[in-house]
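Participant: Letter by letter, the chains look like this.
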Amino acid sequence: GSFGEYGGQYVPEAVMPALQELEDAYERYVLENEDGFMDEFRERLRDFGGRPTPLQRADRLSERYGREIYLKREDLVHGGAHKLNNALGQVLLAKYMGKERIVAETGAGQHGTATAMAAAHLDVPCEIYMGRTDVNRQRPNVYRMRMNGAQVNPVDAGSGTLKEAINETMRDWSTTVETSHYVIGSVVGPHPFPAMVRDFQAVISDEAREQLLESAGRLPDTVIACAGGGSNTMGAFDAFIPDADVDLVAVEAGGSSLEIDEGDGIAPNSATLSTGSDGVLHGAMTKLLQSDDGQIMESHSVSAGLDYAGVGPELSHLVETGRVRPVNVDDETALEAFHRLSTLEGIIPALESSHALGYLERAAGPAAKTSNEQHAQEAAEEGLGDLVVVNVSGRGDKDLETVLEETEARDLAAAPDVEVFDS
Amino acid sequence: GSFGEYGGQYVPEAVMPALQELEDAYERYVLENEDGFMDEFRERLRDFGGRPTPLQRADRLSERYGREIYLKREDLVHGGAHKLNNALGQVLLAKYMGKERIVAETGAGQHGTATAMAAAHLDVPCEIYMGRTDVNRQRPNVYRMRMNGAQVNPVDAGSGTLKEAINETMRDWSTTVETSHYVIGSVVGPHPFPAMVRDFQAVISDEAREQLLESAGRLPDTVIACAGGGSNTMGAFDAFIPDADVDLVAVEAGGSSLEIDEGDGIAPNSATLSTGSDGVLHGAMTKLLQSDDGQIMESHSVSAGLDYAGVGPELSHLVETGRVRPVNVDDETALEAFHRLSTLEGIIPALESSHALGYLERAAGPAAKTSNEQHAQEAAEEGLGDLVVVNVSGRGDKDLETVLEETEARDLAAAPDVEVFDS
Amino acid sequence: MSDDRDDSSDRPAVDSEIEAAIYENHPALIAYITAGDPSLEDTKAYVEALDRGGADLIELGLPFSEPIAEGPTIQGAINRALAAGTTPAGFFDLVDGLETDAPLLVMTYYNMLLQFGAEADVRPFVERAADAGISGVIVPDLPAEEAEPLCAACDEFGLDVVFIVAPTTEGDRLETIMSRASGFVYVQARLGTTGARADVSSATHDSLERLEGHSDVPKAVGFGVSKGDHAAEIVEAGADGVIVGSALVDIVAAHGSDGDAPAAADLEEKARELKAGAERAAADADATDGEQERTPEPEHP
Amino acid sequence: MSDDRDDSSDRPAVDSEIEAAIYENHPALIAYITAGDPSLEDTKAYVEALDRGGADLIELGLPFSEPIAEGPTIQGAINRALAAGTTPAGFFDLVDGLETDAPLLVMTYYNMLLQFGAEADVRPFVERAADAGISGVIVPDLPAEEAEPLCAACDEFGLDVVFIVAPTTEGDRLETIMSRASGFVYVQARLGTTGARADVSSATHDSLERLEGHSDVPKAVGFGVSKGDHAAEIVEAGADGVIVGSALVDIVAAHGSDGDAPAAADLEEKARELKAGAERAAADADATDGEQERTPEPEHP
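Chains as they are written, first to last, in our numbering: chain A, 1 to 423; chain B, 1001 to 1423; chain C, 2001 to 2301; chain D, 3001 to 3301.
Hints in this document: simulated from the structure, not taken from any laboratory.
All C-beta atoms, glycine included, are put in the ideal place defined by N, C-alpha and C.
Watch out, some of these pointers could steer you wrong.
Anything over 10 Å on all C-beta distances counts as not near chain A; from chain D, calculated [stated by the list, open to error]:
#: 1; residue: A3084
#: 2; residue: M3112
#: 3; residue: R3123
#: 4; residue: E3170
#: 5; residue: K3227
Chain A residues, not near chain B, derived (Cβ > 12 Å throughout) [what the hints assert, rightly or not]:
#: 6; residue: N141
#: 7; residue: T275
#: 8; residue: R323
Facing chain D, a subset of chain A residues (Cβ under 10 Å, in silico) [said to hold, decoys possible]:
#: 9; residue: P12
#: 10; residue: M16
#: 11; residue: S62
#: 12; residue: N167
#: 13; residue: T176
#: 14; residue: V177
Extracted from the complex, chain A is given alone in its bound form:
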């Protein structure tokens, strides 16, 4: 593995040569800036992607939590999430490598739309695999991809979700590996993907570190990011890893419960770092939600983007070595945090990012001051510092319908009246 015992390249033989080719390209172009690759990448991130994104002091959250809260505004990246950082990097790299075609899989559609945008921008043909069920429930993202000129291939197999889309993309790539590049959407998959995606996403923490040093004059005490596959997490943490005093908190989806149903193979959460065990999934050794037998569990989160049974191998390593602290918040806490940021700060966050914000509430919110509350004791032990950076990995426009449904089904303190008007 590339990260302690984690990582590696557990893939079919047919794609191994392509991984070696990619590894070579990664080293030359990304690590050594050959032919000015990284310069062009950074320029396009700026002009096309809208970087740098702000590091905003959140006035009302700061007041609520009695400490300085800064938001890294990845919701303002072109496309509405940090996903473009990686997609743009990989499509550009594919072009430098002389690849003629891009394939990618997408679940909720965020990575697919980012890839389609990047491929249109760089004039590379692009096909996106997406489970039929996801196609039907994420129509706006399907339209966006197709409007960017990407071919969207619905996958009918199985339950028609992310897992089938990954299998189908792997099939395509196994067949077309000589001319195609597979744009993996997170810090997962075989080496060099986890390292490469991290490097493309590291712009988040590179910027945040510099911005905070300029505006606050010092490093943060804590950096909080949500973790599904972990690309925004690694992006938000990377530059701070050498700063040993900066507490790095990865907030996973606690879903509806941390209890798993081994019989049905269902984990009603996506808390891989907190509750998973070591295994191999999608090309890498990492922490997984799996049965005793080694079957991958069906995970759950109210946030589609966190709903994944694996996690990036580097995060597994960083958790194992104690550098990153894994926590998790449940669906309800995330929904509350979604509403809280929307009403207090005028920013509608992605449900993914709402998990990071939910942890903030749990660790430092009003209830955390009530000593007889269980969470409050945890929070006290967790000890958030005085200066906290939260990564707002994306915007929540895509989540409106889900939030409405989930909010109506609950009694949430932070939610405004969202009852649907009569027509």
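Given the structure of chain A, go ahead and fit chains B, C and D onto it with the hints provided.
Facilitator: Structure of chains B, C and D alone, referenced to chain A:
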């Protein structure tokens, strides 16, 4: 009037004192930066709004049109359009003025969402009036406003669209004028709104001018912006007005036809500057689409944001004095341009902005080179220069459904296959 | 017909038919309906009914598509009138054929005035209005600051320009408005838009107090008046006239277009109720407070 | 039973039961089915049918939830097997009870090997497989670079690790893989995933040529083989064995779970057809090209 014969304050007596109070506040805070108002405004635009937005060289459009095409990326502003520039400015000003409450009207919902975001960010209660018909057809924007904590008041009167919402907001403001500020969404309405909104939006051209001088080393030959009410237009033009050699082109919605149906009171376009006549609407003397009798016409555009029978008085003045050149493109040309930017550049533009891009195609696209084409001759006369800035006023996510319907009903050369997948 | 008519001989002659009508019928009832709602023929009958019922001045609304100062009631009337095809030409044809004791005013939005001629200019409208025998104009979206062209044209053709004074109107602006006022000053009883209300706003008293001593032009109070008791209360507060609109439009709307005879009768009766309320208050004032002169005393000779 | 069995006396003794089975039955038929599809009881009958039909080696798929190297056919079989509750324990119970002439291999994904014991470690799995009499393992998501732990465990318990060589495998990597190969080399006939195809890929010939002289380990070709003619063509191209999977799984799938007797009979017949195709090609080669030795010649003594 404030702009030659245009502008003025044609409003009910009850709100005149509030306009005087606003005029006073505008002069002190905006023009003279009293209490550091403009500093705070610019800082919040940066940290909350995501400014500056990029001025991106569009590689493939530049190739297509044989000249340097730069895109001003207002689609990357928080909320997805330039609208926040104004809403943030006015809500902040209302706070400086000691107002306790914000009211606004919205048609398609873009101004309403921007105002709701700004009001949440600045912790000011906010009510938005929106016609019942618009509420029903713009649900996502209604949800966004309510999630930001705004109260959305559906207006049942008449056809339940923008006009009724404006009337209802005016009623509210006439009643609550002592404690409320009415956030008008464009460079329209009574003085000082047109000047004040222009000043808040001028950040677009202030940035673009500086960015272009830095990257291209010179001023543009042409600046193109769409014009409905005209806030993005004035924002994109303002800094260039003293640069007499810079051609300023305001692109209106030609709709389905420039012919009007006087009998039914319907103009199947919104080409106010091109075809309107002088009159008074919503507080200002300006150019209007009106019947011979003076009744305001029902306007039309495929783009809800351009669908307005009036236009900012300063634009009327600039057109009258020859400084701004009004042109218009029809629904179909705008739809083609929407698809062209989406597929060629990976940017899905608002249908409003697509009008500006449609003009580019007409003036400099392949067909413009065919001398026996009517438009081509026009284009040759219009003479686009070598360096063109186009303002991409907003993103098109909000327009997906409309574009799908309108595209399926037509045979568009630039459109990808958008036929709906079977479920 | 009223107490005040008896005082007419004490008063100086006034140029304005409108002022004269108010002085002569003090306290005056000023009635508004929208022309063309539901048709211009109906409007003719309604105007005559209001005239019979004791209206001393009649405001005829010329419908405009964007009535930003109106409440839902009058907005509805305007929409019906427009749907019925009411035009300025038809409006003036109606007025040409009206014969009422009460002088007529036209109430409409500024753009309607501007567009009557070939160019954007108010003069042709005012000229035609004068020809039709109209005595004054009220333009709810025309504050004094923008009124110069209209005032000039009205001066030329002998029409009054009626200005509105709102609860928020104070200081220099109040001075300006009062100095330009002719016919009467339209005292807006409350903030907001037109529309019948259940009670009289307390702002009415404040406003009338604020206006005292500013001008000899009569003051009439509108916005929300719907009953004889309201009229009485307003006159008690010192107004020279009571303006009623939405309450009358409600009657028209309730009858729809199924026969105008009952609507006209109801309008006549409502006018009578309102006029009686106003007169009752004036009579009470004379009786209990005889030594104090509550009726306006023009300052000029 | 076959021509090659007659050559066995010319060959050096091999440690590997798998190599031995290939040499002895040259050209060999290697058959794959998914264990537990539609049930483990059915699988027992199917394996025995394939054994009767002439399969010289049988690969038993242990189902894993994320079969990234499979095409839709085998993915479907895996999903059915998982839905039927197939577990590694049940799988080994099945194998414990099987008595076939053909040696058995287990084909599964790496995570299944890792998770068999208490810790993430392949050794317990390999040990159990050896106990059950399994002769080798094929792990489609385990390239040679990551295979050290598995090779060590298999060495310890005497199992072969079968590696796949793809059309893209070249140069140093090919050397490495060939040097580690034991049992046989799985020559992937084409890029892509498993699945029955209408024809034999032209890449087959190139791949077999590329492998010449690299190792004495037998080469078997799979990916897309579905008919006797395919088998013949592959053997003509120089392969020592033909691997068939999806075509057999299709037969199982077609019968569903409504009685296993017909499925077993069809499987047996399909095996016979394929084996006959392979043998026909070998016989033709011997006849037309007798002087040239097409069967593998181990380099080591």
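Participant: With reference to the structure, classify each hint as holding or not holding.
Facilitator: Right, here's what the structure says about each hint:
1. A3084: With a cut-off of 10 Å, A3084(D) remains clear of chain A, as the shortest Cβ separation is near 13 Å.
2. M3112: 5 Å, violated
3. R3123: 15 Å, holds
4. E3170: 7 Å, violated
5. K3227: 22 Å, holds
6. N141: It is violated; N141(A) is separated from chain B by about 10 Å at its closest Cβ, not greater than 12 Å.
7. T275: Holds: least Cβ distance 31 Å, greater than 12 Å.
8. R323: 29 Å, holds
9. P12: Interface hint status for P12(A): holds (4 Å vs cutoff 10 Å).
10. M16: Holds. Min distance 5 Å.
11. S62: Violated, about 43 Å.
12. N167: Status holds, d = 6 Å.
13. T176: This interface hint holds because 7 Å falls under the 10 Å limit.
14. V177: 6 Å, holds
Consistency with the previously given hints fails for numbers 2, 4, 6, 11, ordered from lowest to highest.
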